[in-house]
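For reference, the chains in residue letters:
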Amino acid sequence: MRDTPLSNCERDFLLKAIQEKKRLDGRQTYDYRSIKISFGTDYGCCFVDLGKTRIMAQVSCELITPKENRPNEGLIFFNIELSPMASPAFEMGRQSELLVKLNRQLERCLRNSKCIDTESLCVVSGEKVWQIRVDVHLLNHDGNLMDAASIAAIAALCHFRRPDVGIQGEEVTVYSTEERDPIPLSIYHMPICVSFSFFQQGTYLLVDPCEREERVMDGLLMIAMNKHREICSIQSSGGIMLLKDQVLRCSKIASVKVSEITELINKALENDKKARKTGGKFGFAESLPQERITALKTDVSHVEMSDVKEKANEIVQRAEVPPQTVPSPVLTAPGTGQVGEGLENSWGLKEEEEEEEEDETVELKMELEEGHEEKGRGDVVVISDSDSEEEDVVILNQVTTK
Amino acid sequence: MVCLFVCVILSYFYVIIHVVYKVGNVLLPGDVFSFQMPESITDSKPEKVVCGPGLRRNGDEVLVCKSGILRHKQPNLYWIDSQQRRYVPGKGESVIGIITAKSGDIFKVDVGGSEQASLSYLAFEGATKRNRPNVQVGDLVYSQFIIANKDMEPELVCIDSCGRANGMGVFGAGGLLFKVSLGLVRRLLAPQSEIAKDLEKMFPFEIVVGMNGRVWVKSKTIQQTLIVANLLESCENMTAQQRQTLFRRVADGSI
Numbered sequence: 001m002r003d004t005p006l007s008n009c010e011r012d013f014l015l016k017a018i019q020e021k022k023r024l025d026g027r028q029t030y031d032y033r034s035i036k037i038s039f040g041t042d043y044g045c046c047f048v049d050l051g052k053t054r055i056m057a058q059v060s061c062e063l064i065t066p067k068e069n070r071p072n073e074g075l076i077f078f079n080i081e082l083s084p085m086a087s088p089a090f091e092m093g094r095q096s097e098l099l100v101k102l103n104r105q106l107e108r109c110l111r112n113s114k115c116i117d118t119e120s121l122c123v124v125s126g127e128k129v130w131q132i133r134v135d136v137h138l139l140n141h142d143g144n145l146m147d148a149a150s151i152a153a154i155a156a157l158c159h160f161r162r163p164d165v166g167i168q169g170e171e172v173t174v175y176s177t178e179e180r181d182p183i184p185l186s187i188y189h190m191p192i193c194v195s196f197s198f199f200q201q202g203t204y205l206l207v208d209p210c211e212r213e214e215r216v217m218d219g220l221l222m223i224a225m226n227k228h229r230e231i232c233s234i235q236s237s238g239g240i241m242l243l244k245d246q247v248l249r250c251s252k253i254a255s256v257k258v259s260e261i262t263e264l265i266n267k268a269l270e271n272d273k274k275a276r277k278t279g280g281k282f283g284f285a286e287s288l289p290q291e292r293i294t295a296l297k298t299d300v301s302h303v304e305m306s307d308v309k310e311k312a313n314e315i316v317q318r319a320e321v322p323p324q325t326v327p328s329p330v331l332t333a334p335g336t337g338q339v340g341e342g343l344e345n346s347w348g349l350k351e352e353e354e355e356e357e358e359d360e361t362v363e364l365k366m367e368l369e370e371g372h373e374e375k376g377r378g379d380v381v382v383i384s385d386s387d388s389e390e391e392d393v394v395i396l397n398q399v400t401t402k
Numbered sequence: 001m002v003c004l005f006v007c008v009i010l011s012y013f014y015v016i017i018h019v020v021y022k023v024g025n026v027l028l029p030g031d032v033f034s035f036q037m038p039e040s041i042t043d044s045k046p047e048k049v050v051c052g053p054g055l056r057r058n059g060d061e062v063l064v065c066k067s068g069i070l071r072h073k074q075p076n077l078y079w080i081d082s083q084q085r086r087y088v089p090g091k092g093e094s095v096i097g098i099i100t101a102k103s104g105d106i107f108k109v110d111v112g113g114s115e116q117a118s119l120s121y122l123a124f125e126g127a128t129k130r131n132r133p134n135v136q137v138g139d140l141v142y143s144q145f146i147i148a149n150k151d152m153e154p155e156l157v158c159i160d161s162c163g164r165a166n167g168m169g170v171f172g173a174g175g176l177l178f179k180v181s182l183g184l185v186r187r188l189l190a191p192q193s194e195i196a197k198d199l200e201k202m203f204p205f206e207i208v209v210g211m212n213g214r215v216w217v218k219s220k221t222i223q224q225t226l227i228v229a230n231l232l233e234s235c236e237n238m239t240a241q242q243r244q245t246l247f248r249r250v251a252d253g254s255i
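In the order they appear, the protein sequences are chains A and B.
Under full-length UniProt numbering, think of the first position of the first sequence as 1, with each following residue one higher.
Under full-length UniProt numbering, think of the first position of the second sequence as 1, with each following residue one higher.
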């Protein structure tokens with residue numbers, strides 16, 4: 001499906017507003033949207049809301065054989081997925097440029113910075129190591145995917161617990177969660193990406209662009225930093241020319257933002273740990289706010305129960321007598337029985353055909369009875385059904401039981 | 001509300017009934033819609049009932065097919081008031097579209113539906129084969145559907161049946177376009193709209209409301225335009241009181 005195109009009027013308005021230092025949602029130039037971090041019930045599941053942009057990250061692990069040239073180190077694998085749920089512009093299964101860019105950026109930010117101690121992931125050198133896999137799913141696209149993805153990934157990694165492993169001589173035992181408490185990963189530092197968008201050939205700068213601002217921007221500068229003011233990765237896209245002091249200024253802003261965000265992540269982790277320890281409720285469902293729409297609320301309406309009893313009695317009295325069920329099979333003569341067609345149905349439903357049939361069968365029965373009386377002890381009785389395939393059913397050697 | 005019923009296929013039928021459904025109750029899809037006949041008219045012929053959007057006839061019954069609140073308008077009009085953001089083109093509705101392409105004799109316009117609508121060059125006031133309208137890709141147009149059903153590509157025109165523009169056509173420069181839900185748009189377009197009246201008291205601005213949920217606002221300064229846009233986006237789920245307090249606060253603050 002195609003994404004809604006950006007009209008000229010929107011583009012002009014946005015650029016003019018940025019020139020007057022006004023943003024669509026009333027933020028200042030260096031303001032982030034409100035960040036909300038919540039964790040799921042499993043260890044390693046994290047949801048991040050950056051304004052309306054919503055991302056989920058899930059960490060999992062498995063034992064595999066390590067690489068040949070690095071037998072002591074575990075592996076980390078990152079995977080970002082853009083689902084069509086996030087934006088009509090994303091199609092499932094297609095490797096778009098944006099997807100490749102995001103994946104590469106996340107890898108550079110988290111793997112090359114060596115924020116996770118991969119040697120601690122080694123179980124048996126050269127044979128078994130842990131592979132940590134981080135899956136990041138984009139649930140709603142409202143701009144600034146990279147920041148939200150990096151926050152989600154690092155928060156999920158900090159939250160994750162891997163199973164405990166015991167080595168006795170040659171034997172390796174992996175303990176399940178019930179047997180032994182799982183162990184957290186050893187994380188040295190938390191690198192976080194901060195995005196700066198540039199407009200009018202680098203004249204104007206905005207931090208944390210929303211989706212519409214991203215559409216009109218000239219270029220993007222992305223700085224990944226940790227709270228110790230170490231730059232983990234810098235990337236500039238869009239082909240804008242940036243001056244040296246602009247980049248330095250951006251890195252200073254980034255360090256401030258990163259320390260704020262790191263504090264936020266730590267607080268969220270603390271809250272989650274406390275909730276789990278005290279046995280309180282935790283998980284994603286609990287962290288959803290109770291959003292109530294009161295504009296369409298109606299008052300409690302009472303159901304009329306006053307005349308229910310009378311109505312029920314009325315219905316019961318007026319109901320027809322249930323049709324008498326014919327015992328099946330009907331024994332017309334010793335040795336013969338009649339089942340199914342021709343008998344009155346016991347379902348209680350009267351179809352039109354059956355009503356006609358009833359009349360017919362009533363007539364037939366009358367004739368039969370008359371026939372009986374006439375023949376008395378007749379040897380042969382002819383039963384004719386209106387619907388039966390056989391024309392006549394002839395019963396031989398009938399002995400009347402009367 | 002007014003525009004909606006012109007384009008919906010109305011069904012007339014005779015109704016027999018047992019249960020009372022009060023107007024203003026929330027109904028869910030699958031409920032059988034029925035109402036109690038006033039006793040005085042039981043002898044005479046059953047009256048006709050007009051079913052609006054959200055109600056659908058199925059043989060002898062009328063079923064609810066959208067969840068929402070049942071509304072009633074005298075003398076015999078019933079419909080379901082539901083919330084939706086996704087627009088489905090309907091004949092006769094006026095919408096704000098974005099021109100995406102010029103091909104041959106027609107423009108391709110994005111109206112927010114599943115398909116792009118087509119708008120002919122000649123469907124503007126005073127347009128002839130030699131005198132083409134001044135429309136570029138990316139412009140906004142306010143136009144009306146002449147064909148909008150599920151079997152054909154939707155078609156738009158910027159003139160009415162007499163050949164006059166009647167307020168439709170290409171937008172001028174400036175202003176901001178944003179999206180709201182369809183329910184809010186209908187409330188804004190209603191004849192005595194409270195939201196529109198409250199907004200008018202704030203400060204002067206120009207507004208164009210499209211039935212596809214798109215609203216265009218232009219005011220003297222950018223700040224005022226942003227204020228109106230944010231107010232409209234946020235007053236969707238507020239009660240009348242909350243909305244009035246919010247507007248009052250903003251009016252005091254901006255002065």
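It is possible that some hints are incorrect.
Far from chain A by the CB rule (all over 10 Å, computed), these chain B residues [what the hints assert, rightly or not]:
1. Arg57
2. Glu93
3. Arg130
4. Leu140
5. Arg164
6. Leu176
7. Arg186
8. Asp198
9. Leu226
Label pairs and their calculated CB-CB ranges [to be verified]:
10. A/Gly202 <-> B/Gly24: 53 to 61 Å
11. A/Gly202 <-> B/Lys129: 24 to 32 Å
12. B/Pro29 <-> A/Ile231: 32 to 40 Å
13. B/Pro29 <-> A/Ile64: 20 to 28 Å
14. A/Ala312 <-> B/Gly24: 37 to 45 Å
15. A/Gly202 <-> B/Ser114: 52 to 60 Å
16. B/Gly174 <-> A/Asp42: 36 to 44 Å
17. A/Thr203 <-> B/Gln223: 16 to 24 Å
18. A/Arg2 <-> B/Val250: 32 to 40 Å
19. B/Glu153 <-> A/Gln200: 23 to 31 Å
20. A/Glu263 <-> B/Arg132: 31 to 39 Å
21. B/Asn58 <-> A/Val321: 49 to 57 Å
22. B/Ser114 <-> A/Ser259: 44 to 52 Å
Read the hints as simulated data drawn from the structure, not as lab findings.
Here a beta-carbon is modelled for each residue, glycine too, at the ideal position from N, C-alpha and C.
Checklist entry - Are there hints from earlier that the structure breaks, and if so, what are their numbers? => result 4, 6, 9, 11, 12, 13, 14, 15, 16, 19, 20, 21
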